[in-house]
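Using the sequences provided together with the hints, build the complete structure.
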Amino acid sequence: MTPKTVKNKIHILAGGPAGTGIESITHSLALALTREGLFAITTSEYQNIIRGGHSFASVHVGNTEILSHQNHYDLMIAMDKNSVQQHCTEIDEGGAIIYDGEKINIDDIDIPETVEMIHVPIARMAKESGLSLAANVVGVGAVFAIIGQSPEQMKTVLETIFTRKGKEVVEINHRALQAGYDYVKENVTHQISNQLKGDEKKRFLMGGNEAIALGCIRSGLKFLSAYPMTPGSTILTTLAKESQNYDIVVVHAEDEISAVNMAIGAGHSGIRAATGTSGGGFALMGEAVSLAGQIEAPVVIFDAQRPGPSTGLPTRTGQGDLRMAMHCGQGDFPRLVIAAGDHQDCVDLTGEAFNYAEKYQLPVIFLTEKYIADQYRTCEFDITKNINIDRGKIAPPSELDGNFMRYKDTPDGISPRSVPGMKGGRYTSTSYEHDEHGKPVEETPEVKVMMEKRWRKIKTLEKELPDPKVFGSSKNKVMIWGGTKNPTLEAQNILQKKGFDIEVIQMQYILPFKTDAVQEILKDRENLIMVEGNQSGQLEGVLTEFTGITPDYSIRSYYGRPMTGEWIAQEIEKYLSKL
Amino acid sequence: MNTERTVKDYSTKAIPSWCPGCGDFGILTALKKALVEINADPDETLVVSGIGCGSLLPYWINTYGSCTLHGRAIPFATGSKIANHKNNIIVNVGDGDGLGIGMGHFVHFFRRNLDVMVICDNNGVYGLTKGQTSPTAKKGTKTSSTPFGSIEDYVNGASLALQMGATFVARAYSADAPGLTEIMKQAMNHNGAAFVDILQPCVTFNKQETYDFYNKNIDKNDLTAPICSSRSEAITFCNTPQEKIPTGIIFQEELPTYEEQVPQFKKGPLAHQDISQIDVTDFMERRS
Ligand SMILES: Cc1ncc(C[n+]2csc(CCOP(=O)(O)OP(=O)(O)O)c2C)c(N)n1
Ligand code: SF4
Ligand SMILES: [Mg+2]
Numbered sequence: 001m002t003p004k005t006v007k008n009k010i011h012i013l014a015g016g017p018a019g020t021g022i023e024s025i026t027h028s029l030a031l032a033l034t035r036e037g038l039f040a041i042t043t044s045e046y047q048n049i050i051r052g053g054h055s056f057a058s059v060h061v062g063n064t065e066i067l068s069h070q071n072h073y074d075l076m077i078a079m080d081k082n083s084v085q086q087h088c089t090e091i092d093e094g095g096a097i098i099y100d101g102e103k104i105n106i107d108d109i110d111i112p113e114t115v116e117m118i119h120v121p122i123a124r125m126a127k128e129s130g131l132s133l134a135a136n137v138v139g140v141g142a143v144f145a146i147i148g149q150s151p152e153q154m155k156t157v158l159e160t161i162f163t164r165k166g167k168e169v170v171e172i173n174h175r176a177l178q179a180g181y182d183y184v185k186e187n188v189t190h191q192i193s194n195q196l197k198g199d200e201k202k203r204f205l206m207g208g209n210e211a212i213a214l215g216c217i218r219s220g221l222k223f224l225s226a227y228p229m230t231p232g233s234t235i236l237t238t239l240a241k242e243s244q245n246y247d248i249v250v251v252h253a254e255d256e257i258s259a260v261n262m263a264i265g266a267g268h269s270g271i272r273a274a275t276g277t278s279g280g281g282f283a284l285m286g287e288a289v290s291l292a293g294q295i296e297a298p299v300v301i302f303d304a305q306r307p308g309p310s311t312g313l314p315t316r317t318g319q320g321d322l323r324m325a326m327h328c329g330q331g332d333f334p335r336l337v338i339a340a341g342d343h344q345d346c347v348d349l350t351g352e353a354f355n356y357a358e359k360y361q362l363p364v365i366f367l368t369e370k371y372i373a374d375q376y377r378t379c380e381f382d383i384t385k386n387i388n389i390d391r392g393k394i395a396p397p398s399e400l401d402g403n404f405m406r407y408k409d410t411p412d413g414i415s416p417r418s419v420p421g422m423k424g425g426r427y428t429s430t431s432y433e434h435d436e437h438g439k440p441v442e443e444t445p446e447v448k449v450m451m452e453k454r455w456r457k458i459k460t461l462e463k464e465l466p467d468p469k470v471f472g473s474s475k476n477k478v479m480i481w482g483g484t485k486n487p488t489l490e491a492q493n494i495l496q497k498k499g500f501d502i503e504v505i506q507m508q509y510i511l512p513f514k515t516d517a518v519q520e521i522l523k524d525r526e527n528l529i530m531v532e533g534n535q536s537g538q539l540e541g542v543l544t545e546f547t548g549i550t551p552d553y554s555i556r557s558y559y560g561r562p563m564t565g566e567w568i569a570q571e572i573e574k575y576l577s578k579l
Numbered sequence: 001m002n003t004e005r006t007v008k009d010y011s012t013k014a015i016p017s018w019c020p021g022c023g024d025f026g027i028l029t030a031l032k033k034a035l036v037e038i039n040a041d042p043d044e045t046l047v048v049s050g051i052g053c054g055s056l057l058p059y060w061i062n063t064y065g066s067c068t069l070h071g072r073a074i075p076f077a078t079g080s081k082i083a084n085h086k087n088n089i090i091v092n093v094g095d096g097d098g099l100g101i102g103m104g105h106f107v108h109f110f111r112r113n114l115d116v117m118v119i120c121d122n123n124g125v126y127g128l129t130k131g132q133t134s135p136t137a138k139k140g141t142k143t144s145s146t147p148f149g150s151i152e153d154y155v156n157g158a159s160l161a162l163q164m165g166a167t168f169v170a171r172a173y174s175a176d177a178p179g180l181t182e183i184m185k186q187a188m189n190h191n192g193a194a195f196v197d198i199l200q201p202c203v204t205f206n207k208q209e210t211y212d213f214y215n216k217n218i219d220k221n222d223l224t225a226p227i228c229s230s231r232s233e234a235i236t237f238c239n240t241p242q243e244k245i246p247t248g249i250i251f252q253e254e255l256p257t258y259e260e261q262v263p264q265f266k267k268g269p270l271a272h273q274d275i276s277q278i279d280v281t282d283f284m285e286r287r288s
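From first to last, the protein sequence lines stand for chains H and U.
Under our numbering, residues 1 to 579 are what the first sequence spells out, in order.
Under our numbering, residues 1 to 288 are what the second sequence spells out, in order.
These aren't lab readings, by the way, just hints derived from the structure by calculation.
Where a beta carbon is used, it is the ideal one built from N, C-alpha and C, also for glycine.
There may be inaccurate statements among the hints.
Said to hold, decoys possible - From the structure, some residues in chain H lie toward chain U, with a derived Cβ separation under 8 Å:
id: 1; residue: 199
id: 2; residue: 201
id: 3; residue: 220
id: 4; residue: 249
id: 5; residue: 255
id: 6; residue: 262
id: 7; residue: 263
id: 8; residue: 273
id: 9; residue: 287
id: 10; residue: 406
id: 11; residue: 408
id: 12; residue: 421
id: 13; residue: 422
id: 14; residue: 423
id: 15; residue: 430
Claimed, not checked - Lysine-lysine pairs mimicking BS3-like chemistry, simulated, CA-CA at most 25 Å apart:
id: 16; chain 1: H; residue 1: 393; chain 2: H; residue 2: 463
id: 17; chain 1: U; residue 1: 13; chain 2: H; residue 2: 423
id: 18; chain 1: U; residue 1: 266; chain 2: H; residue 2: 423
id: 19; chain 1: H; residue 1: 393; chain 2: U; residue 2: 86
id: 20; chain 1: U; residue 1: 86; chain 2: U; residue 2: 142
id: 21; chain 1: U; residue 1: 244; chain 2: U; residue 2: 220
id: 22; chain 1: U; residue 1: 138; chain 2: U; residue 2: 244
id: 23; chain 1: U; residue 1: 266; chain 2: H; residue 2: 241
id: 24; chain 1: U; residue 1: 267; chain 2: H; residue 2: 423
id: 25; chain 1: H; residue 1: 167; chain 2: H; residue 2: 7
id: 26; chain 1: H; residue 1: 439; chain 2: U; residue 2: 244
id: 27; chain 1: U; residue 1: 216; chain 2: U; residue 2: 244
id: 28; chain 1: U; residue 1: 33; chain 2: H; residue 2: 439
id: 29; chain 1: H; residue 1: 185; chain 2: H; residue 2: 103
What the hints assert, rightly or not - Some chain H residues flagged as far from chain U (calculated, every beta-carbon gap over 10 Å):
id: 30; residue: 124
id: 31; residue: 425
id: 32; residue: 470
id: 33; residue: 494
id: 34; residue: 537
Here it is in structure tokens:
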């Protein structure tokens, strides 16, 4: 079999039962290659179990930023027979599968002839290195040899990972890595040649929830209360780990209702506060979201979406919570709904989320999804610049006379705040309707004043919010939100090579809806295509509701697996070529 | 401004809307007096309540106040205390509020031992929603929601708070002004999570536990020392049926508070910490 020549990208898959270190294979590869100055992204698909079953994870590496993963690969490490069976047809012509021929009998598997099977005595070599558990590291060594990269950076990664377990563990892992590498060098001729060459620039490898944590830390978050729920849990665990480094108090609350009410109490009392969860936990928070709207307390709620309904697919991805984010909670009140498209958004928009929450004194719902939350990506954040921190209107001491008008009716709807502890600023906030002092009221004129004061904030906010992001320019418009961003940009590249041009419109801020801006962007359209990760077309409905515009074609995925750029391109091509 | 304060400093012009004779009046009066006695700064005091008759109290006390959601006063107050742990925070829950819908928060709150006083207006009914059976009502209670008598046994808030680690637990009677004031004063002076179960006659909906009933059936204990000297003794004491209902300080102990165990507070209240420049180099280095 002629070895496959790949240009400047390589796609590697690792598969095996849960608990065999599948994700650490792709993560460590991504980190080593990031240190080399290359760009990587990872994806992982695992079942909702701790041991056994079938998990797989992929790493996609290139000389420039990788936009999308794909579902076919150049190389695979199979840690069990099942992985060979399930994925051998996903290996491109000339690609290879690394497997342990001393453990796995592949005779009865119908493997395409175009795939090279590379036996590496993984288990034996791990044992000889001193630790059976280091099997995945032997596999990684073999990968480096096959793709023609030096294993030196990988050694530094193993040091990073294992130093806290002692020098001996590091040495064992180094031996395991070298053994896998040397075995391939000595016994295998098949190479996957490529032109991967790092520029040695310093970059960072970060998960989506870590990027949110970074955004929180940089924004001056002081309090996070949360209850674990996949895929939102790593916001809690990342910030818990950092809490003493950055003076953030993190509480693992008794439930999500408590988590969100704690965050609201903290935000109300003058610190930046947030909670993080997934759809099921967020569903419990509705009443409190409405409370934050009513008492005008700043709070940021992160919902890392997974597919529902109900417990749904805990470890898979989806975009089914948009309508809940827009409508949860009783009554009408201002809120901001943000959807992050990638890691950069997770950092930048988190910063904005806290500014808007405090400036407009309202709940901000920040949507991500498993695809972003769990994905590691090589990032180039500039952390030297200080970010803009806007704490909003705080009442000056001169206005705090012991008879403070906390909910003063103002032209922009925003009333200066005091917080408990401020001299002369005392007032009582209440979930009941109230007057400008916070005193409960029920009479029409007073109720009207307060309802309209709050509503005015939406108009003020809508004006301040940035317009949707537009990539490229074409009469074929494709509107997306959330983690479909990069795969759709990849689709844009693929389609361009085939002679189709598309313009990609990313909705980062969904509520308040920028009606005028969206109408303006869509004015010259010939086709409008929506790409969404839900069944009912949630953003599509929102678009029609606010603009009267109905799309010409809808692409929807609601099976829990992330959309690839190739798939989106194919679907768009199907439509455009029929015209 | 450390001059002597008087009850007037904590009073509002507005008059409470409770039914004439409601036990909540006694709670409000005693709370104001207790605040005078500990010389609490109204601007550094926050009274957080849920929703219910008694939970309207923050409207009528001239400190910071928050009437939150039914059952959620405790988590809201927890967040607020963490934001500024120098503030004196009082949580006012109803028996339905704190021990029905909010019980999950009630029990976990005492595990944390935040320096916050929780008072419960225990009237055996859901006053604000017109008198349905509350979780503290005795088995067999007949109200509009249990017209044939309740089948569920009742919840004993004091016992529950003790089980969960409350470091100050007391029971008081809303009509015993000096006793209630003294108990609240001690509860606020206590360094840690305090619970005060307040027997509060609802003159409109509770026809069993009336002033008459309590005046005859309360066993007032001396307030100079706790009734029980150990937690297990206190739990047994609360769970053992007594001829009369004991009021007084049931148990008190000093344990490290939540605030004392969180190093993040060492630089002062979080609300006062500067967030304009945060160096994340360290966080990034660990990811490169
Ligand atoms: C989520 C929710 N459920 C129900 C209610 C209605 N509600 C208001 S007060 C109350 C019960 C109040 O009883 P309690 O807490 O004992 O206070 P009391 O009125 O007796 O002082 C209920 C059920 C509500 N406000 N919110
Ligand atoms: S209904 Fe009962 S608890 Fe409510 S105000 Fe009237 S007397 Fe008090
Ligand atoms: Mg009650």
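Hint-by-hint comparison with the structure:
{"no.": "1", "hint": "199", "in the structure": "violated, 14 Å"}
{"no.": "2", "hint": "201", "in the structure": "violated, 11 Å"}
{"no.": "3", "hint": "220", "in the structure": "holds, 3 Å"}
{"no.": "4", "hint": "249", "in the structure": "holds, 5 Å"}
{"no.": "5", "hint": "255", "in the structure": "holds, 6 Å"}
{"no.": "6", "hint": "262", "in the structure": "holds, 4 Å"}
{"no.": "7", "hint": "263", "in the structure": "holds, 6 Å"}
{"no.": "8", "hint": "273", "in the structure": "holds, 6 Å"}
{"no.": "9", "hint": "287", "in the structure": "holds, 6 Å"}
{"no.": "10", "hint": "406", "in the structure": "violated, 10 Å"}
{"no.": "11", "hint": "408", "in the structure": "violated, 17 Å"}
{"no.": "12", "hint": "421", "in the structure": "holds, 5 Å"}
{"no.": "13", "hint": "422", "in the structure": "holds, 7 Å"}
{"no.": "14", "hint": "423", "in the structure": "holds, 5 Å"}
{"no.": "15", "hint": "430", "in the structure": "holds, 4 Å"}
{"no.": "16", "hint": "393/H / 463/H", "in the structure": "holds, 18 Å"}
{"no.": "17", "hint": "13/U / 423/H", "in the structure": "holds, 20 Å"}
{"no.": "18", "hint": "266/U / 423/H", "in the structure": "holds, 23 Å"}
{"no.": "19", "hint": "393/H / 86/U", "in the structure": "holds, 23 Å"}
{"no.": "20", "hint": "86/U / 142/U", "in the structure": "violated, 45 Å"}
{"no.": "21", "hint": "244/U / 220/U", "in the structure": "holds, 9 Å"}
{"no.": "22", "hint": "138/U / 244/U", "in the structure": "holds, 15 Å"}
{"no.": "23", "hint": "266/U / 241/H", "in the structure": "holds, 18 Å"}
{"no.": "24", "hint": "267/U / 423/H", "in the structure": "holds, 21 Å"}
{"no.": "25", "hint": "167/H / 7/H", "in the structure": "violated, 38 Å"}
{"no.": "26", "hint": "439/H / 244/U", "in the structure": "violated, 41 Å"}
{"no.": "27", "hint": "216/U / 244/U", "in the structure": "holds, 9 Å"}
{"no.": "28", "hint": "33/U / 439/H", "in the structure": "holds, 23 Å"}
{"no.": "29", "hint": "185/H / 103/H", "in the structure": "holds, 21 Å"}
{"no.": "30", "hint": "124", "in the structure": "holds, 34 Å"}
{"no.": "31", "hint": "425", "in the structure": "violated, 7 Å"}
{"no.": "32", "hint": "470", "in the structure": "holds, 30 Å"}
{"no.": "33", "hint": "494", "in the structure": "holds, 30 Å"}
{"no.": "34", "hint": "537", "in the structure": "holds, 33 Å"}
In summary, the structure is inconsistent with hints 1, 2, 10, 11, 20, 25, 26, 31 from the numbered list given earlier, while agreeing with the others.
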